[in-house]
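Chains as they are written, first to last, in the UniProt record's numbering: chain A, 1 to 302; chain B, 1 to 302; chain C, 1 to 302; chain D, 1 to 302.
Treat the hints with caution; some may be incorrect.
Note: identical chains are not told apart, hence a pair may lie in one copy or across any two.
With a straight-line cut-off of 25 Å between C-alpha atoms, the simulated SDA-like cross-links for lysine to any residue are [what the hints assert, rightly or not]: (1) K252 <-> R294; (2) K241 <-> D270; (3) K290 <-> E180; (4) K290 <-> G77.
Hints were generated in silico from the structure; no laboratory data involved.
4 protein chains.
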Amino acid sequence: MPLSPEQQAEIDAQRSTPQTTLRATAPGMEKHLYTAHPVLDHGFVRVIDYMGDDNAITQAARVSYGKGTKSVQNDEGLIRYLMRHWHSTPFEMCEIKLHVKLPVFVARQWIRHRTANVNEYSARYSILDREFYIPAPDALNAQSVINNQGRGEALSGDEAQRVLKYLTDDAMRCYDHYEEMISDEGQQGLARELARMNLPANIYTQWYWKVDLHNLLHFLRLRADAHAQYEIRVYADAICKITADWVPYAYKAFEDYRMGGANLSATALDCVRRMLKGEVVTQETSGMSKGEWREFEGVIGG
Amino acid sequence: MPLSPEQQAEIDAQRSTPQTTLRATAPGMEKHLYTAHPVLDHGFVRVIDYMGDDNAITQAARVSYGKGTKSVQNDEGLIRYLMRHWHSTPFEMCEIKLHVKLPVFVARQWIRHRTANVNEYSARYSILDREFYIPAPDALNAQSVINNQGRGEALSGDEAQRVLKYLTDDAMRCYDHYEEMISDEGQQGLARELARMNLPANIYTQWYWKVDLHNLLHFLRLRADAHAQYEIRVYADAICKITADWVPYAYKAFEDYRMGGANLSATALDCVRRMLKGEVVTQETSGMSKGEWREFEGVIGG
Amino acid sequence: MPLSPEQQAEIDAQRSTPQTTLRATAPGMEKHLYTAHPVLDHGFVRVIDYMGDDNAITQAARVSYGKGTKSVQNDEGLIRYLMRHWHSTPFEMCEIKLHVKLPVFVARQWIRHRTANVNEYSARYSILDREFYIPAPDALNAQSVINNQGRGEALSGDEAQRVLKYLTDDAMRCYDHYEEMISDEGQQGLARELARMNLPANIYTQWYWKVDLHNLLHFLRLRADAHAQYEIRVYADAICKITADWVPYAYKAFEDYRMGGANLSATALDCVRRMLKGEVVTQETSGMSKGEWREFEGVIGG
Amino acid sequence: MPLSPEQQAEIDAQRSTPQTTLRATAPGMEKHLYTAHPVLDHGFVRVIDYMGDDNAITQAARVSYGKGTKSVQNDEGLIRYLMRHWHSTPFEMCEIKLHVKLPVFVARQWIRHRTANVNEYSARYSILDREFYIPAPDALNAQSVINNQGRGEALSGDEAQRVLKYLTDDAMRCYDHYEEMISDEGQQGLARELARMNLPANIYTQWYWKVDLHNLLHFLRLRADAHAQYEIRVYADAICKITADWVPYAYKAFEDYRMGGANLSATALDCVRRMLKGEVVTQETSGMSKGEWREFEGVIGG
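Here chain A stands alone, though its shape is the one from the complex (with noise of 0.2 Å):
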């Protein structure tokens, strides 16, 4: 349960206040302002503002390409034509900020995302809460026997036990020592800035985190994706259904033509070209590699 009463008090207060605004508003995102979505065991992931909606993209493309849009006759046909041809200018005239609260080593993922503004947490200033993210049981998967970066299956059995014991004590007794050492109680205690040094990855730290749209959605498709980190992706599907309520039809079209979308090279063309006229193109004739096959064949095949 990620919320405290005093949180839960304090959104309650923020929804409670209605303003009456000039602004663009989008209904489907006013009723997940605050509230705070759960991810993993303690995190969670809550919009504090946002700006435009799916009206504010094609006004802005209707600025720069003038009666040259007048042709495409709703928003929905535009949104799409921007999406496609990867004109990416009028999706960052919508801004979304959230709070974000995760471990450390997935913030160390995210922050890499350049193009974003954070205010996170600092444990230069501030004292570190205890919470640390411990993987639920079919989270806890072996290193994957044929990629690198993946996981295989979920352990079982002793294995899975130790590892959670190890995850769970050297959380605990890492924070027992940084309180130990901060604490000012018959000794000068430890600067913060040092002691956290002391903390493991799995410890969760918050932020501010500011994006436009086009930003957004370049970060969802690759973190939701089948092959981010499970960790990450969580927070990334979370984010997902949120920009589905907001912008419904830039994230629909995000859908067909990224999410579930493929980049061929010309060689995979080439070779779709000769299967649809009847030729039987196998790896030895595709002028791919075999790593490069296998992947056509899921994109063609699935």
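Knowing the structure of chain A, use the given hints to seat chains B, C and D on it.
Coordinates of chains B, C and D only, in the frame set by chain A:
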């Protein structure tokens, strides 16, 4: 007069339909929404959307610094502290979207500020209007004789008349030919993307420009400065007024620490210290070049 | 002929003084250094500096993936893998700095690629030369009748003559007046920052443009594309040739996966799968709009 | 001792094969190339590549300002002028690529500088080494009692012993369990991407970090500052020395205008002016808060 009756009708419609929202709302900004503030002879700035207010800045800072910010009792004090110590990320948590109509040579300076989102009217797709910036008499200045990039006093008499005639006649003739070239009456009609090359740099374009508050203030510091070209400075001035209504504490801190402040070098600080101890410091004994010394005198004598 | 004898002498001098360095050196690039490749009637592209080579890409990737990259035996295979899976950061480890002379209307498109460093010749400080882009007869096209932003066939006869005359005469007259206005003989002389507004968008400017390889390839994908405006495409084409000599493996992978490849939507992939199973799919049964279907046919029929 | 014999052999090999190039070469930088400068107990900084030198800065500035820069006679004077007036783009024309080995908690601060290119060793793919930062006795400080984010004096006696024991023992135990969990001997072996979460933030990671000179100097201003955390400051200090050898004029200007300079607010400037006229100004009559006044006294009294 920069707005057509149709545009004014559209603005009136946008302003007549308030919505209910749970988001943070800045009352000072609501009154600006959609309204076009005239700039130069045909340009304008109008607010299309915004995210956040003064409180959004301190809210984000408090996520970062946790209990570390408790000692600063109020929002204004914290905002001044953040500005003074160059904490930029909390200011990035506010965002503004403007619709700007401006001459192309101003747009060319403006676009150099890279950390912003832009959708510009496309002269590949669409036809530009016959609107050109022609300076008012008091903005028709001679080249500065002391500064390569500055202006001296206003031109007068025959010279002013001749310049105005050149600017006006050339603009009109170029636009006549632009129209004639793209016309498809009795001819094929030149492609728009080619015909536009005949148009001089004082023609008006327009764009949506979206930027966070930190980068907006950086833009304003450079472009509302006395050394900025007059034609971009009047846009910056108009945006300064809007920003002061949007985030009054942040804007006040910005005026004190950035617009009205100055950066002194190690050498300059050393001179100040010597002067405060009673030493008479001259350019020769200052360690500064003549140019630096002149600037230094401007700062401490101002 | 874009280069003056003085410029050519400067290039010859730069090319005649080789230095010794311990840095990675790309032999294919050394031969391009400083040499101006002519583009359009007065423009050019020349390489001022570069950092890294194909090996710098794999070296960085091997820092990231450690032993995980051992299984990919050679540099070319690894580069293809990185390109195929959108690993962008290793490509950011190479950098190029170009000196480009180009018409202002081309510069205005180019500058929209924000992730680059630019120093442009300033018409506030300095006087622009009398050099204008005048299209060659085969680049003087009519507006496309099927695409708002495209060109149709070349103009001919009287219309072509008239257009060339307008472009040339207007450029010359505007430049005459520019010179006259800034002259300080017998008058004060208008400020350069004002006088430049009389110059049409086909005047040449120049800049230093520095960009990493990842962002360069993104630029090339968009600007060397058949849909890009011809006048920027010829610059992109010239840079493609340089890049192919600089990082041959990366460029070859780029050609296969980006330039020659295509992105298929979920809907399009489903159609391919159905067609490969023998189903006759038409636009009506495809789930695509007419526009999408036409593009899809172009991709799989191409 | 941060380098293994294998690494030293690799460095020796890289340093023994000079190439011929036509590029600008910085002699002061060539001597640093590849050599690892030790930082902290296991970390290092080493230059992998660089682009440009002092002359590349003025060369780019002269493209921008054309004849406007003729009046500044020499390179050093021009560089000082550019630095003083915040002309950032010419400094962006130089680039540096570093290989850095650093503790994770330092990496987390460092990565917040977004305008840079990074390839970090991936603990999803590969196994981290058993190397942890353990502070030297004189860097084991108490929490500051006056500054939430600072350090006081060094711990001593039993407390210091206890802290060192905690840091060392916890690191070793967590690493033992990490190794045990990922082992595939007699068990499946936990996925690396999960096992890494057990490792504390003082474990070392490494990355390639590439940045332009303007953004590097911004990084150094913040991180070589007395208020920066010691553990990142020592990296910044090492890079300062390298930068001073690479671009000596730019670095000297940076020291004068940025590192040794200070930003005074409008209020502070007004106080300076009053004091120079002989007025006795106190905090009460200054218009500053107590905190600001204390900082102001530090600047003008320093």
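Determine which of the earlier numbered hints do not hold for this structure and return their numbers in increasing order. Structure breaks hint 3 only.
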